[in-house]
Every structure is written in C-alpha cells, then in structure tokens.
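The listed protein sequences correspond, in order, to chains A and B. Position one of the first sequence corresponds to residue 0 (numbering that gives the first Met the number 0), numbered consecutively onward. Position one of the second sequence corresponds to residue 0 (numbering that gives the first Met the number 0), numbered consecutively onward.
The hints are simulated quantities; they were obtained by calculation from the structure and are not laboratory data. This one's a predicted model, so the numbers in the text were calculated from it and none came from an experiment. We treat Cβ as the ideally placed atom computed from N, Cα and C, and that holds for glycine. What you were told as hints is all true, and nothing was included just to trick you.
Chain B is faced by these chain A residues, among others (derived, beta-carbon under 7 Å):
1) 156
2) 157
3) 160
4) 163
5) 164
6) 198
7) 199
8) 224
9) 228
10) 229
11) 231
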Amino acid sequence: MLFSLPLLMTMEMWALGTVIPPGRLALFIVAVIPLLIALDHVSGFRRHETWQEDILDGLVAYGVGILAAFTGLLLFGVLEPGDPLDAVAGRVFLEAVPAGYGAVLANSQLAAMDRAEEPAEEAAEAPYGRELFLMMAGALFLSLQLAPTREIPLIAVHMGPWRALILMFVSLGLLHAFVYRVNFRGGHEPHAPGWQLFIRYSAAGYLVAAVTSAYTLWTFDQLGGQPLPTLVSIVIVLSFPASVGAAAARLIV
Amino acid sequence: MADQRQRGRLRDAGSPGEWVLGGISLLAVLAVAGLLVHHGLRREAEGPAVRVRAEAVRAADDSLWVVEFVAENTGGAPALDVRIEGRLGPPDRPVERAGATLELVPEGASRRGGLQFRHDPRRHALDLQATGWTRP
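Using the sequences provided together with the hints, build the complete structure.
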C-alpha cells in the first residue's frame with residue numbers, strides 16, 4: 000500500500016486504466032510479473048531454495064497488488080458499483096502493478112532487516128547482470144510513479160533542448176557518483192579506475208534507466224504523436240528520477 | 000581468499016560484453032546530445048506556427064453538431080495553450096462561435112480536438128483558426 004498510494008491517488012492513472020489499449024496493458028503485466036518473480040529471487044523475504052517458491056511469491060505479490068488496488072480505488076470512490084467490468088478490470092490490473100511491486104520491495108526491506116548481520120561484501124561482489132537488473136528494478140520503481148503524469152511531457156517542452164542536454168549529463172553524473180560511492184563501500188579503494196566504472200556501470204546504467212523510462216512512457220501512451228527531439232527530451236526528463244532510482248537500487252531493493 | 004582476489008581482478012577488467020554495452024550506451028548518449036544541439040540551434044531560429052483544418056462534421060443529436068479538427072504546428076518550436084476558434088456564417092454577421100484550447104502542440108506534430116455547435120455547420124460557412132498560443 001505504501002508504494003502504491005501515490006498512483007492510486009493520481010487522476011491520470013484512473014483514466015489510463017480505461018483508455019490504455021488492452022494489448023499494451025497485457026504486455027505490461029506479462030513483462031512485470033516475471034520481473035516481480037526475479038526481484039523476489041534477488042531480494043526475497045526468505046532465502047529460497049527453489050524457483051517454484053519465487054514464482055509463487057511473485058504471483059502472490061501481484062495478487063496482493065490487485066487486492067490493494069481494488070480496495071483503494073473502491074474506498075476513494077474511483078470505482079463505483081455498476082461500472083463496466085472491463086473498465087474496472089483495466090484500472091485494477093494497471094494499479095496492481097505498482098502495488099505488487101511495492102509488496103516485493105516491502106518484503107525486501109523486511110528481509111534486509113533480518114539479514115542485517117550479513118557482510119556487505121556479498122552485495123558489493125554481485126555479478127554484472129544482477130547489478131544491471133537491480134538498476135532496472137530501481138529505475139522502474141521511480142519511473143512507474145511519474146510516467147503516467149501529464150507533467151513529464153510538459154516539463155520536457157518547458158525545458159527545451161539545451162536544458163534537456165544538461166539534465167542528461169546531470170543524470171549521468173549523479174548515477175556515476177552513486178556507483179563510485181557504492182564501490183567505495185566498506186572503506187576499500189575501488190577495484191577499477193573511475194573511467195572504467197563510468198563506461199561499464201554508469202553509462203550502461205543510464206541506458207538501462209532510459210530504456211526503462213521509454214518503455215513505461217510508451218505503456219502510458221505519453222510518446223504518441225511527438226516529434227523525435229521532444230520524444231527524446233521526454234525520455235530524458237523521466238530518466239532523471241529513473242537514474243536516481245537505478246543508482247539507489249541497492250538501498251531500495 | 001586467493002580465489003576471491005582472482006575473481007575480483009577478473010571482474011575489475013570487465014568482460015567484453017560489459018565493454019560493448021558500455022560503449023553502445025556512450026554512443027547513444029553522444030548521438031542524443033548531437034540531436035539536441037542540432038534541434039536547439041534550429042529552434043532558436045524558428046517559432047511555432049499552428050494551422051487548423053476541419054477533419055469531420057457529425058451530428059451528435061438533433062440540436063448538437065460536432066466539428067472535429069486537426070491543429071498542426073508547422074513551425075520549429077512547441078506551442079502551449081493553443082486557442083482554437085470556430086465561426087459559422089459570414090465574418091460580419093456570425094451565426095455562432097465555438098472555441099477550444101489545446102494544452103500543447105509540439106513542433107512538427109498535430110493534435111486533434113472538437114468544437115460543438117447548435118447550428119448545422121454544413122449549412123453555413125465554417126471558418127477555423129488558431130487565434131493564439133504561448134511559448135514555453
């Protein structure tokens with residue numbers, strides 16, 4: 000509930016739940032459920048022995064999301080008795096995605112408390128793929144909160160190309176500062192020179208954040224009918240919080 | 000312990016895949032930067048220019064007609080709060096007026112909207128125009 004409340008109380012999400020093309024919504028859910036499962040595997044509540052348990056937990060997280068979304072929307076009066084079934088289903092299934100995501104992250108926070116005594120070294124030595132996956136999960140967490148809002152395209156237009164250019168480099172710099180800092184964790188020197196970390200982690204992490212942002216924007220129909228420079232600027236605007244999410248993924252997940 | 004150090008050293012150098020992905024990312028950032036610089040230079044030279052045309056006229060009921068329009072920004076910069084005005088009849092004795100505001104029409108793009116009239120637009124001269132906009 001904690002993670003889904005901002006979107007449950009966002010007007011654009013109510014409208015999107017009914018106008019988003021069913022194919023796009025289905026694709027989004029199909030893409031997010033394996034992500035919940037993988038996220039649960041990486042950060043799960045319990046130390047799982049099998050993937051079956053992770054799959055079950057991922058599905059349960061989405062189920063909890065559906066319940067939280069349905070209850071919340073009913074309470075806020077967004078859903079009324081007698082609403083067409085497809086409109087109710089569209090809204091609930093869409094809102095259930097961030098709610099389910101929140102359920103996994105909440106579990107992960109509890110798990111982190113339980114595992115507080117474990118050494119941080121293990122996380123610092125995570126494989127590259129897992130590192131990028133965590134970045135993607137962190138980017139998705141923040142971009143989901145903001146992608147449906149009308150402010151994102153408006154900010155991009157107000158900023159214009161020069162500020163968008165600056166914002167892109169600010170995001171990249173911020174991401175690198177986090178990556179470098181995490182590498183310093185535990186008080187030891189970073190294993191690789193800064194420029195190497197920049198190319199392999201910060202630049203790649205920014206690409207992951209930008210692609211994640213572009214996908215969420217496309218899902219919420221924010222990119223249609225935009226000329227290429229505006230489209231790029233919109234993605235850059237959302238990539239800013241997404242980069243912060245990607246950089247802080249280890250703190251969130 | 001020695002194994003761990005060895006693994007650490009291998010990882011420090013990075014696999015070819017890591018370098019390829021990092022390289023693609025850097026190239027993408029540079030390409031986007033180039034696009035924004037090119038667009039920024041062009042945008043300073045040109046402002047917005049919005050043209051409106053009727054796309055369809057339909058009767059909603061006996062006393063309500065809808066004119067669906069397309070507003071296209073052929074200029075080089077986005078237009079905000081674009082005011083669209085529709086007039087039925089001759090300019091000196093208009094039968095009816097209707098208006099709409101579009102939040103944003105990006106450069107080189109179009110947006111759709113509708114004007115509602117109580118008179119049948121097919122029986123009168125219809126004039127559509129964008130009367131104003133603001134720049135971001």
